[in-house]
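Trainee: Work out the full structure: start from the sequences and follow the hints.
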Amino acid sequence: MLDPHAGPRAGVTAEGKPDSRPVILLWGKPAAKTGAEVGGQPVVTYRLDASNDRGTVLGTEPGIVVAAHGSEWAWTTTTVKAPAIPCEKRTGGDHEAPAVESTVTRGKFMLKGGSEHQMVVEAELPAAANEVREDVTLTGSVGPYVFAHLTSYRYSCGPLRITVAGFLAWDLEHEEAIEVLDEVTKTEALRAQGQRQLNEDERDDDPEVRSDSPDLVEVRPGFDANGKLGLTALLARVGTSGGDGTWSTGMRSVQLSTPLSARLTPYAEAPRAVRAFLRTHPGFTLQGWSRR
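Under the numbering used here, the first residue of the sequence shown is numbered 338, with each subsequent residue one higher.
Quick list of in silico lysine-lysine cross-link-like pairs, BS3-like style, CA-CA up to 30 Å:
id	residue 1	residue 2
1	LYS449	LYS565
2	LYS366	LYS445
3	LYS565	LYS366
4	LYS366	LYS449
5	LYS418	LYS366
6	LYS418	LYS449
7	LYS565	LYS445
No lab work stands behind these hints: they were computed from the structure.
Mentor: This is the structure:
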């Protein structure tokens with residue numbers, strides 16, 4: 338693992354050679370091809386020359402690479418097979434069904450040019466069920482801070498198929514999870530606004546449900562066409578008529594803009610090199626940038 342007291346390491350080029358030049362790494366999705374959706378486009382990391390404001394591209398590589406502690410960290414995922422069992426009435430299931438191929442995805446950041454890693458998500462193999470799927474998706478990064486959305490789906494032969502969502506924010510600089518939900522400002526006002534919006538849906542007609550304000554469950558960074566940083570909060574509560582599929586099973590949610598926390602405010606404006614890059618790459622969906 339990374340020694341937090343060690344000095345900064347030089348970065349490496351796409352060819353694996355030492356590269357000590359100051360660079361800006363930005364990652365996201367290129368403009369969609371004709372007839373294709375942006376969501377289906379691959380994620381790419383661009384390496385920009387930080388010594389000028391022209392957004393000069395020094396190189397590109399597939400996937401997500403984030404700079405921290407003077408080094409570059411590449412996001413990698415590994416999918417492993419999870420145990421699954423057939424449903425049998427004699428063992429408590431309400432019907433019989435063969436086991437379904439199941440998987441668990443683990444994610445970590447690997448130090449480029451080295452063997453060190455920072456584990457962000459290390460899912461434990463769940464207790465046997467008929468079907469299991471666990472996954473992790475990076476929703477964005479802000480400097481050395483990365484944001485991940487987690488999902489865990491399982492079916493255990495009963496009447497319900499359950500999905501449980503989760504959220505994790507990680508500081509690559511200090512190699513630790515961070516409680517960014519606790520840093521959101523004016524949380525009570527945000528929850529009240531979320532409650533009003535959820536109550537506009539006539540399907541939530543249960544007075545007890547309508548009286549509940551939603552919980553703050555996740556925040557996601559986002560960037561506009563000029564690289565300006567914004568923050569979206571996801572709030573969720575149990576729904577009268579089931580869930581909307583955005584968060585856990587049975588929960589309905591609302592997304593609201595919220596001010597940047599003190600931690601994220603220094604990254605509100607993108608560097609000139611990033612803004613110049615975005616001007617020359619229309620349609621590029623920026624999901625994160627960092628300096629090395």
